[in-house]
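Using the sequences plus the hints, can you model the full thing?
Respectively, the protein sequence lines represent chains P and G.
Heads up, the first sequence is in our numbering, so the first residue is 7 and it goes up one at a time.
Heads up, the second sequence is in our numbering, so the first residue is 116 and it goes up one at a time.
No lab work stands behind these hints: they were computed from the structure.
Bear in mind the structure is a predicted one, so any value in this text is a computation, not a measurement.
Residues of chain P clear of chain G, computed beta-carbon distances all greater than 12 Å:
(1) 11
(2) 20
(3) 30
(4) 82
(5) 85
(6) 101
(7) 107
(8) 173
(9) 181
(10) 203
(11) 204
(12) 207
(13) 220
(14) 249
(15) 270
Straight-line Cα separation of at most 30 Å, DSSO-like style, residue types lysine-lysine; simulated pairs:
(16) 193/G - 309/G
(17) 336/G - 241/P
(18) 136/G - 241/P
(19) 193/G - 182/G
(20) 252/G - 230/G
(21) 241/P - 135/G
(22) 350/G - 336/G
(23) 193/G - 230/G
(24) 193/G - 241/P
(25) 252/G - 309/G
(26) 347/G - 336/G
(27) 237/G - 193/G
The beta-carbon is built from N, C-alpha and C at its ideal position, and this holds for glycine as well.
Here's the letter readout for the chains.
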Amino acid sequence: MANAESPVLVAQGIGHLSRNFLREVSSVFWFIVNTFQETLERMQQGRVPFRATSFFRHSQRAGVDSVPLVGLVSFFLGLTMALLTGYQLQRFGTERLIPGLVAIGFTRELGPLLTGIMVAARIGAAFTAELGTMQVSEEVEAIESMGIGPLRFLVAPRMLALVLLMPCLSTASNIAAIFATSLICKAYFSIAFPYFLDLVKDSLLIRDIVTGIFKSFLFGLLIAAIACYRGLTVKGGAAGVGSSTTSSVVTAITTVIGFDTLYNVIYTTFYPI
Amino acid sequence: MTTPEHMVALQDVRKQFEEKKVLDDLSLTVEGRERLVIMGQSGSGKSTILRLILGTLRPNSGSVFFKEFEITRLPRRKLQEVRRHIGMVYQYSALLSSRSVRDNVALPLEELTDKSRDEIDKIVDEKLELVGMEDSKDLLPEELSGGMKKRVALARALMLEPELLLLDEPSAGLDPVIASVINELIISLSEKSKVTSITVTHEMESAFRIATRMAMLYQGKIIEEAEPDEFKQSKNPVVAQFLSGSTEGPILEGSLDAITKK
Numbered sequence: 007m008a009n010a011e012s013p014v015l016v017a018q019g020i021g022h023l024s025r026n027f028l029r030e031v032s033s034v035f036w037f038i039v040n041t042f043q044e045t046l047e048r049m050q051q052g053r054v055p056f057r058a059t060s061f062f063r064h065s066q067r068a069g070v071d072s073v074p075l076v077g078l079v080s081f082f083l084g085l086t087m088a089l090l091t092g093y094q095l096q097r098f099g100t101e102r103l104i105p106g107l108v109a110i111g112f113t114r115e116l117g118p119l120l121t122g123i124m125v126a127a128r129i130g131a132a133f134t135a136e137l138g139t140m141q142v143s144e145e146v147e148a149i150e151s152m153g154i155g156p157l158r159f160l161v162a163p164r165m166l167a168l169v170l171l172m173p174c175l176s177t178a179s180n181i182a183a184i185f186a187t188s189l190i191c192k193a194y195f196s197i198a199f200p201y202f203l204d205l206v207k208d209s210l211l212i213r214d215i216v217t218g219i220f221k222s223f224l225f226g227l228l229i230a231a232i233a234c235y236r237g238l239t240v241k242g243g244a245a246g247v248g249s250s251t252t253s254s255v256v257t258a259i260t261t262v263i264g265f266d267t268l269y270n271v272i273y274t275t276f277y278p279i
Numbered sequence: 116m117t118t119p120e121h122m123v124a125l126q127d128v129r130k131q132f133e134e135k136k137v138l139d140d141l142s143l144t145v146e147g148r149e150r151l152v153i154m155g156q157s158g159s160g161k162s163t164i165l166r167l168i169l170g171t172l173r174p175n176s177g178s179v180f181f182k183e184f185e186i187t188r189l190p191r192r193k194l195q196e197v198r199r200h201i202g203m204v205y206q207y208s209a210l211l212s213s214r215s216v217r218d219n220v221a222l223p224l225e226e227l228t229d230k231s232r233d234e235i236d237k238i239v240d241e242k243l244e245l246v247g248m249e250d251s252k253d254l255l256p257e258e259l260s261g262g263m264k265k266r267v268a269l270a271r272a273l274m275l276e277p278e279l280l281l282l283d284e285p286s287a288g289l290d291p292v293i294a295s296v297i298n299e300l301i302i303s304l305s306e307k308s309k310v311t312s313i314t315v316t317h318e319m320e321s322a323f324r325i326a327t328r329m330a331m332l333y334q335g336k337i338i339e340e341a342e343p344d345e346f347k348q349s350k351n352p353v354v355a356q357f358l359s360g361s362t363e364g365p366i367l368e369g370s371l372d373a374i375t376k377k
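Structure below.
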């Protein structure tokens, strides 16, 4: 129903949405800053910020246990990508570009991105649900009331685990995809494995690899921060944990893709290829 | 105005959750070695008072002191240090569900002191024995009953030898024998170890057993504050109705009419 007020209402709606969005962004930013602060304060007192066992437990769960999923998805995507680009390139007799295309595509872009999306869904959701349940059952408050910093105790080990494990996972993703490409190249385009490796080595630049690794660090930090923030701000009991978990996954995936785009825009502006 | 002479002092504290005013210019002081019991209806803001003292909630106005520290103005690091001198037992225990009883109780020592594992184990055993839970060390909280959880929570609160113990409904859900044991424990802690305690409860029997002073919270204010004997004789109609559990009086006035009308 259109009336004279509707443009005003639309403008108000946009205003509300952008204000909420900015508020969320700044909350997550300060959440990260506070976690660092609390951890550093603890280290200044000459104490370990958290137990090694706690860190290893999270890295096992977030990193090692994610390898099969990340590997499998990347393997299939590598197969598809090699096959589809291969048939197109064959028309021009340039099949030997396939290895470079997939290798660059994955190390710079798809590896970190795919890994980010999968980790957000698999681990981000787990972090939010876990911390959210602790929040609603007053466990977080109990930790705080003992004089233990909950950010340092609960968030820091999770954040560190994801930040350190993400580059490893995207490397696993890259390797799986390149391996899949080598199979396709051998089977359909008669590129033997040693020649395939040479082609990959020739086309990959250190810059591509560094870009991919840097992105992975960033994505790890963002996913962990969003997931833990959503978990610790749960309100409204069991239903609250559910909706926060959904929101955590959606926000983390959107943020990862958004940051990836932003990064690429900035990067190509300063280093045009 | 600082009040180093009191253990705890709340001055003109006002706390509001959105529209609902919970505490309204409330003032309360607690002296060292005292065992204060705060009584009041469910939802009257008793637990809120405990959370304000711990600094996990902040008042909308007014100030909260623990000894010479103004809780409301302390920076995070200092606040964490101060909290080590306060032990809190939550109404629903708030044990960490993924850690065993032993790990729950050991947590404050593991995180906040440099004690070795052997020393910690010794203290854990000692505190669990105090609450009669030494046989449940390796169980997870989900394997315990509500009363057992509460005793573990009490053991955890005692780990750092607190000067002030805050207890939210410590005897609710416990059988009468265990409830008496917990009451005696609270009394002996204040007599032997000079622990001050603030207990929130509406269990009359344990309230009168523990208290050296009692306060009644009603509509956001402390309306009566007295020693147990005097408190029992209070002329205040709210206190009298609360103690007798009668439906006649200012509390929930009119609700009986509503029931009989149906």
